[in-house]
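If you read the sequences in order, they're chains W and X.
According to UniProt numbering, the first sequence is numbered sequentially starting from 1.
According to UniProt numbering, the second sequence is numbered sequentially starting from 1.
It should be emphasised that the hints constitute simulated quantities derived from the structure, not laboratory data.
There's no promise every hint is true.
[What the hints assert, rightly or not] Sample of chain X residues facing chain W (criterion: CB under 7 Å; computed from the structure):
1) ASN207
2) VAL221
3) ASP237
Here a beta-carbon is modelled for each residue, glycine too, at the ideal position from N, C-alpha and C.
There are 2 protein chains.
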Amino acid sequence: MNNFSFRNPTRIHFGKGQIAKIREEIPADARVLITYGGGSIKKNGVLDQVHAALENITFFEFGGIEPNPHFETLMKAVELVKQEKITYLLAVGGGSVVDGTKFIAAAAEYPNDPVEMLPTKGAHIRSALPLGCVLTLPATGSEMNGNAVITRWETKDKTGIFSELIRPAFSVLDPETTYSLPPRQIGNGVVDAIVHIVEQYMTYPVNGKVQDYYAESLLKVLMEEGPKALQDPTNYDVRANIMWAATQALNGTLSLGVPGDWSIHAIGHQITALYGLDHAQTLAIVLPAVWQHKKEQKKAKLLQYASHVLGMTEGDDEQRATQAIEKTRAFFELMGVPTRFSAYGLDESVIPAVVAKLKQHGRLKLGEHGDITPDAVTELLRLAL
Amino acid sequence: MNNFSFRNPTRIHFGKGQIAKIREEIPADARVLITYGGGSIKKNGVLDQVHAALENITFFEFGGIEPNPHFETLMKAVELVKQEKITYLLAVGGGSVVDGTKFIAAAAEYPNDPVEMLPTKGAHIRSALPLGCVLTLPATGSEMNGNAVITRWETKDKTGIFSELIRPAFSVLDPETTYSLPPRQIGNGVVDAIVHIVEQYMTYPVNGKVQDYYAESLLKVLMEEGPKALQDPTNYDVRANIMWAATQALNGTLSLGVPGDWSIHAIGHQITALYGLDHAQTLAIVLPAVWQHKKEQKKAKLLQYASHVLGMTEGDDEQRATQAIEKTRAFFELMGVPTRFSAYGLDESVIPAVVAKLKQHGRLKLGEHGDITPDAVTELLRLAL
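Please build the complete structure, drawing on both the sequences and the hints.
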């Protein structure tokens, strides 16, 4: 096991009716900006619950934060923050709203043009407004970490930023708020959380047993509960298990002292930025290709996954490793997320475009060994056509 | 799954050489009191590493905190804190030193006689000195929670206290510091951590899958690695896995949204207070008795444990439940911790004494159903003779 340092001070309020806890978290004299996305929170009663919790607290609203939140949109919110002297941000929505709100929190305090924050991946963030979160879509884990992914629409660039300063002070996770999600978002969320886990797990063994077994635990939960969420959308325990698993998947616990891959995300981000595919769709396309391409390097962990998560006992090592990849692909398809470019009307012309974007961002050495070069990406993406 | 709120802001520095990180955590102008136990940290080089990390910081030392730390001893440290105007406490040792130091942190700021804190279980703690920790014995989980257990020697009372204010700001976990532990302390530590886990797991199912699978993960790690630590005391990865599992076992994650038992600890504490047995020894005696006595109520989880942790597939439900209890007992014995009163030279006369202590403390309704009455304790302890 490798050395690590770790701290995660976000407070979680989990369960039915917990939106009311916002009142305990936000100072009574705060000037709050509620941020949200396409407006589903107005239909499913979530915004009403938030308003009730903020009774007698001054608040404003900013809607329309899109999936893969755009720098250009978020800068409009920054203007509103400055104009109304906002002191607290409250993100109400899924990972895009939370990520976008993290960017707003830092950009509102950034002394220069906030576009500078993107190439530095947040390294130059020195202060940020406090923020809280009401999560309505379990997927990204953004509710309990300091990460955000921002898309600059003008240049079709999608960049991850990180700072301890943009970690939510608190997050409310009420599984009932997820009942009204369309199946596509349920499928996407489960796939996204699974790929977060395996980016921290499907590498090479360093005998980090707690981390490995925790990762396997979360994979089992998501693979057991995901299909049930599609079949029985108002089953509370199913939604609760998925929601808590997705948060745990990227709250920092799994990556402690073990290597990470993250090539699947790096490649996927370019596909979304270029072609607008859902984030999880890109991951579902890229994962089987990366695993197939790196099967020998990842074999020890593929076999551990085949045994501990998928319960496979038949066949030799080569067969089980291959089957583990194919069973993962089949699970994504079962969740309604196709795993090949062709299913999205895309062909081999995507490959040079994606590779060019990776080169532009200097992402020339991806994966846990740093050996997924642009040439390797070209080769592996052919497995995803 | 039940509702929960959760926050754990303790920072962990894990790994070889991480004692040096103390320097980043403690303010340069602090007046530090290093607290420790019997002095093993002077022999194994840990104290030297701490001194090096505190170079140019003013520090004092207070040794002699005993296992099951005594109120009477800790009050001497409180005097020293006041006399030397200490501003930061640094516990260097195992759970007893950490627990004792938590008490010192609160007692030093307590306006009345600190003996008052014990019957209130810490409810009246309003402030405490900041504290950090260098853990040298993985077992109690005290390094990442706000719990402490204090023994009042004069009255033979052992009381748990809790406050967010006595949670360590940081803890250093260097597995190499555990190499010099005697086998008895290794065995005790693994048993203690296992019992922490099952107090939060071996109850009744509420479909908290992440919590259940995490608990099973930690049980597997401890059962796989525990015997290796006895056989191969300087295997770094073995020590690292045990150390991180023991911390995870009681950092709050496992108990979220699920019922807890804690009868094993409640009964065990009285045995230690009365007869001076090691904490883990009392748990190893009481656990099989409680599980046997409550086999019907706990059967669903006993069978889940038999399957997921012990890999049992043979026999009917009754046989597997019984075997799961006996295999757990056998594991404790394998770790060198006997599981019956007779092995410690105690006989049935302990039973009325333990029951009287429980009554004195008002612990009349133990367990996840609150139905382990004094009569039930009398009955179940006969299974432990």
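Hints versus structure:
With a least beta-carbon distance of about 4 Å to chain W, the hint placing ASN207/X at the interface is held under the 7 Å criterion. The interface hint given for VAL221/X is met, as the beta carbon of that residue sits about 5 Å from the closest beta carbon of chain W, less than 7 Å. Taking 7 Å as the C-beta contact cut-off toward chain W, the hint placing ASP237/X at the interface holds, the least distance being around 4 Å.
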